[in-house]
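Student: Sequence:
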Amino acid sequence: MIDSSKAVAIGIATVVLLAGGGYVAATDIGGTNGLQIASPAQSQEDVAGGEPAATAEGSGSTDGADYSSGSEGDDPTETVDDSDETESGTVTAGPTNAAPSADAGGDRTVPEGRVTELDASGSTDPDGEIHSYAWRQADGPNVTIDDRETRTPSFTAPSIDAERTNLTFVLTVRDDDGATATDTVSVTVSRRAEDSDDGDHRPPSAETGSDQTVSEDANVTLDATASSDPDGSIESYAWTQTSGPNVTLSDTASASPTFTAPSVDVVTDLSFEVAVTDHEGGTDTDGVVVTVEPVTREDAFPDHDEAHTRGAIARAKYDANFSDLGTDRARQVEELYLRQPFANETPPGDVRTRDELANERYGNDFDGLNRNRTVDVQRAFDEQFGAAETESEYTRDDISLAKYGYRFSDLSTETAGEMEELYNRQPFADGITPGDVRTRIEIADDQYGEPLDELSRETRLEIENEYHEQFASNDSAS
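Each residue of the sequence shown is one higher than the one before, counting from 1 in the UniProt record's numbering.
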């Protein structure tokens with residue numbers, strides 16, 4: 001029992017013990033054992049029955065005194081032995097603050113004179129939030145950082161004599177409990193192309209447009225078509241992804257490549273950069289950020305009471321994210337997504353593709369069936385989204401004659417399957433007649449001049465959407 005107030009030096013700390021038990025404070029006095037306590041006075045009764053305030057862990061010794069502290073098993077105690085008497089008390093603490101994580105963004109290359117933004121938006125704190133940001137330049141020609149205590153300050157890349165010069169910036173973040181973390185980013189400044197011999201050449205200007213915010217699994221188009229060259233033309237584009245979950249660009253050499261936004265659980269940023277080259281070899285770069293937001297069921301398909309996202313359907317059918325699917329499976333999922341709701345509230349994992357139905361019924365893929373079986377499987381597939389109208393505006397013959405000048409019974413196997421789908425998916429959208437409605441093959445030929453099965457994944461998804469738009473939006477399941 002501690003019966004008098006007493007200050008005891010124990011290695012790296014001074015603990016003021018109070019009469020009746022408890023302590024006032026323990027402060028670091030230069031030791032190296034790691035003990036640091038800062039707590040208001042607390043009685044033994046408070047420790048035993050109230051909220052804990054601090055935990056002391058460490059060990060040390062002074063002349064004539066031994067000290068030990070910490071938790072062995074379930075007995076968190078500290079003991080002070082000053083050779084004359086032993087006094088003990090219990091000090092307990094709440095959870096330890098986890099340090100934040102600083103993220104200064106990816107390294108990049110910019111031309112001299114470009115206003116460049118630094119980006120700490122990837123910084124996080126696992127048990128709180130980032131309270132402050134502080135940027136400083138650590139290397140390279142001095143530049144002025146505007147708003148250096150914000151998440152995204154900017155600076156103007158300096159004029160340089162060398163071909164390339166590196167600038168290094170250090171980011172320090174502090175969380176709401178005072179813990180800090182740092183990260184660095186390197187910005188390489190490239191010298192703009194020299195004027196040509198006649199003194200008239202000027203470098204190009206890359207332009208990627210404004211940052212975008214999209215939903216997960218959405219089709220996204222990057223756009224550098226606003227890039228220009230003041231005295232010539234842009235000869236080439238080269239896109240690269242600089243941060244975020246990896247995605248596949250449809251064509252990195254295109255001015256406007258596309259990709260499918262990944263499935264995400266939280267808001268996620270993807271960064272891209274384009275480098276443009278003009279007819280004289282001059283180059284310039286620009287970047288863009290695409291923010292991907294997760295989609296809740298309520299937001300997935302607002303025209304329907306119950307709808308599933310592309311990601312949910314892909315996971316239910318193929319145990320994969322939509323963005324990871326190949327061309328055929330991605331197109332199948334896109335079609336199921338667009339044709340919601342499913343009949344009788346069928347779960348997405350139970351909805352069958354044409355190939356699955358064909359194999360279940362006839363032991364063959366859909367493309368390997370004869371004419372009658374093709375029509376049968378197509379009808380079964382369409383029934384999963386609600387039965388065809390009992391009094392459709394157009395008959396199968398009406399559609400076949402309007403499109404091809406033949407009755408339905410005279411059509412080939414593939415064409416008969418296509419006509420069966422057009423018939424089952426009536427009514428058509430306003431203003432579209434049987435002669436106007438196009439099959440997927442016709443859309444591919446009209447717009448891309450290539451066979452449907454030779455087109456890219458992203459193009460196939462675009463065609464699926466265009467095909468779907470030909471039908472009225474009141475496809476409804478029974």
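Among the hints, erroneous ones may be present.
Label-pair restraints from in silico Cβ distances [stated by the list, open to error]:
1) D265 to I441: 31 to 39 Å
2) T433 to V115: 23 to 31 Å
3) T156 to D265: 31 to 39 Å
4) V170 to R202: 31 to 39 Å
5) E235 to D445: 50 to 58 Å
Below 16 Å or equal to it, Euclidean Cα-Cα: the simulated EDC-like pairs (lysine to aspartate or glutamate) are [what the hints assert, rightly or not]:
6) K403 to E391
7) K403 to D376
8) K403 to E383
9) K403 to D350
Calculated directly from the structure, the hints in this document are not laboratory data.
Just so it is clear, CB atoms sit at the ideal spot from N, CA and C, and this is done for glycine as well.
Student: Take the hints in turn and mark each one as holding or not.
Tutor: We went through each hint and held it up to the structure:
1. D265 to I441: 31 to 39 Å: holds (38 Å)
2. T433 to V115: 23 to 31 Å: For V115 against T433, whose Cβ atoms are near 54 Å apart, the range 23 to 31 Å is violated.
3. T156 to D265: 31 to 39 Å: holds (38 Å)
4. V170 to R202: 31 to 39 Å: This hint holds: roughly 35 Å between Cβ atoms.
5. E235 to D445: 50 to 58 Å: Check failed, 31 Å falls outside 50 to 58 Å.
6. K403 to E391: violated (21 Å)
7. K403 to D376: Violated. K403 to D376 sits at ~21 Å, over the 16 Å cutoff.
8. K403 to E383: violated (24 Å)
9. K403 to D350: The hint is violated at about 34 Å.
In summary, the numbered hints that this structure violates are 2, 5, 6, 7, 8 and 9.
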